[in-house]
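*Asks:* The whole structure should be built from the sequences, with the hints applied where relevant.
Chains as they are written, first to last, in the numbering used here: chain A, 18 to 423; chain B, 18 to 423.
Read the hints as simulated data drawn from the structure, not as lab findings. Do not take every clue at face value.
Given that identical chains are not distinguished, each listed pair holds provided it fits within a single copy or across any two copies.
Said to hold, decoys possible - In the DMTMM-like style, the derived pairs of lysine to aspartate or glutamate whose C-alpha atoms are separated by at most 25 Å in a straight line are:
#, residue 1, residue 2
1, K208, D159
2, K127, D104
3, K348, E298
4, K140, D158
5, K276, E407
Protein chains: 2
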Amino acid sequence: MSLIVQKFGGTSVANPERIRAVAKRVAATRAEGHSVAVVVSAMSGETNRLLGLGRAMAGRPLERELDALAATGEQVTSALLAIALADLGVPARSLLGHQVRILTDSAFTKARIKAIDASQLSKTLEQGHVAVIAGFQGIDDDGSITTLGRGGSDTTAVAIAAAIKADACEIYTDVDGVYTADPNVCPSARKIDRISYEEMLELASLGAKVLQIRSVEVAMKYGVPVHVRSSFSDVPGTWVVGEDKSFEAVIVAGVTSDKNETKITVRQLPDEPGIVARMFEPLAAANISVDMIIQNVSADRTTDLTFTVPRTDAQKAREIAEQVAREIGAKGVTSDDDIAKVSIVGLGMRSHAGIASRMFRLLANEGINIEAISTSEIKVSCVIAAKYHELAVRVLHDGFGLGKAP
Amino acid sequence: MSLIVQKFGGTSVANPERIRAVAKRVAATRAEGHSVAVVVSAMSGETNRLLGLGRAMAGRPLERELDALAATGEQVTSALLAIALADLGVPARSLLGHQVRILTDSAFTKARIKAIDASQLSKTLEQGHVAVIAGFQGIDDDGSITTLGRGGSDTTAVAIAAAIKADACEIYTDVDGVYTADPNVCPSARKIDRISYEEMLELASLGAKVLQIRSVEVAMKYGVPVHVRSSFSDVPGTWVVGEDKSFEAVIVAGVTSDKNETKITVRQLPDEPGIVARMFEPLAAANISVDMIIQNVSADRTTDLTFTVPRTDAQKAREIAEQVAREIGAKGVTSDDDIAKVSIVGLGMRSHAGIASRMFRLLANEGINIEAISTSEIKVSCVIAAKYHELAVRVLHDGFGLGKAP
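*Replies:* In structure tokens, the structure reads:
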């Protein structure tokens, strides 16, 4: 008998009919002799509806209250699924963040899990119940309800799996796994059977959108085997697991792109110690997460600094950059929304030379100009004009031979 | 500076606009220097929507989960009102049943409050916050969410007022107070300025519907002055308070009627000790609350037994009565849905003779036949044919001089 955590996202629990289908799947897993804890998201659209109500009340709604509001979405789904399970003769109990107890910090709307006291959950499972846990939510030291931010139910599921030492964490979603590229952009994309946590981290953060990045961090930290799969079929999906030697053979695991960033360039900063810190400290204070940072080689004691930020933060980031630029005597600030970032990701890059230059050549062959480059051990990212982004993904995907079975 | 509890029902918080109006009223009370705890219901229609979802999942949904589901309605309102208050510059925090802590028994869907640990609430108020408490909900010894049944937010408000020793508990509703009769039925009905807990209990249980009966019991037990008033005007409403000598002058405080009962008659029961208990024990076990019970004078060692039950329970009650009738050898069971109960209520009845006979005469003058009679110290109820119920209310109301100012 295994201990399995199953997580179902918003589209999998979109209406009573789908919730019943989820209940059948959970019941089938339990009928195979497994002990099951389920983590659910809000019914699709529900979180937006709730936050919309909150925003209708005030221009700057209290974040503590937005969390109390949004947490009701998962509470509703967990109760409905417990009801559906009981209707199939499966004993079930819903558990909310404060009942499990999922303890978080007090960063409302984007809290982080500090600890899980799984004694209540373990008791529920030992009594033969399916535990239906409301994802996305926790409770802080004051007893206030917190939420983990968008996609937080994945993190709940993996953290729960780690806390109860589950044999696997199954993430059910509306796609059947992680692909080598976005199939909508790249028809030759194929499903990846196994991928390492490290590669998944880079793919997720770059926009693969099947699995929330923080959940992968937690899975890696605690070695939780994660199985991303479709809630609409029984076909195996993609296993996200610890690295082993077999991964080295694959040079590039996937190609991904992101059109939701804005590139900001600060021209002719004085090239002095501490200048870069002065630029990024106020951005961090404003909670703007900076993605790529590229500083060009300096000349005549000045340097150009380019960075990318989520487009939703671009306005604020540009204002901050302009303020700092004035203070430190930089020449000026420009920004460009019309960009895309394409990236190749693969553990094999660590032991194979020339991957980056091959990427640049493949893009150049299509006349695609590279505006900025950033590399890490297992990733190379290029900023290009937005209009080329689909073309770039296809060219890189097929150029690195991802379309064929490995 | 007073400590005031204000409770707003579903129609008062039906949409963001109304919630903002509630926030303004709370802010105004606070601006007068009072400390305020607010109790809110779910937005009107929301509880039905949630329970409808639950019932769409299963024929007999788990009651524990129905409570977790329904409790989200008040959670949403409390968060929205806290947001609206903060937007007006009033510091506010929502508090849920498990946060206040409102401890109840485990009778899901109809739990009773056992205790309130108001330390968290007092701390919130001392810090200068308005506490916005989700009504209708609590938590049992296991940490499961419970709800108090329909109208439970009134009970939450009064129990909170008792726990923090508030100076008053204001119940805001869509009517401007308690009337001597239903104004829709009786045009000469007038608002009552002051009424005793005892009278209010009889009026509420008989269908006055302004104030949940259990909340009046709690108010009476702890001596909480309750002010029932309109959320749409500043006109004073009705104070529900402890009895004093001035009440004795008023013989009949109000006339009320109930069309939602069914009369069940068991004919020719053996007139033996224990027979009546055998009839009502299984009804109690089935959680059917029996209202009037009338046993006629026995003849030839048999007796007829008549009782009324809520119409929603009539089918089940009749089945149980028929089963018991067979077991004990009664002649048969009849039931009648086409009835109404009209009642007169007043503390003054205790010291004035002839009130009941005057009621019977007033009904007889209109040709209204009385099918059953039940009396208590401060109430006389008659069962009549349903078609007469509006006429009976008007005749009694004006016959006892209620249309004029006292």
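*Asks:* Could you place K208 and D159 in one of the four classes (within, between, both, neither) given a Cα distance threshold of 25 Å?
*Replies:* neither (44 Å within a copy, 45 Å between copies)
*Asks:* Checking K276 and E407: alpha-carbon separation at most 25 Å within a copy, between copies, both or neither?
*Replies:* For K276 and E407, only the intra-copy Cα distance (10 Å) is at most 25 Å; the inter-copy one is 69 Å.
*Asks:* At most 25 Å between C-alpha atoms: does K348 with E298 qualify within a copy, between copies, both, or neither?
*Replies:* Answer is within: at 20 Å inside a copy they meet the 25 Å cutoff, but 89 Å across does not.
*Asks:* I want to check one pair: K127 and D104. Are their C-alpha atoms no more than 25 Å apart within a copy, between two copies, both, or neither?
*Replies:* Answer is between: at 22 Å across copies they meet the 25 Å cutoff, but 35 Å inside does not.
*Asks:* At most 25 Å between alpha carbons: which applies to K140 and D158, within, between, both or neither?
*Replies:* So K140 and D158 pass the 25 Å test inside a copy (23 Å) and across (15 Å) alike.
Violated hint for the displayed structure: number 1, the only one.
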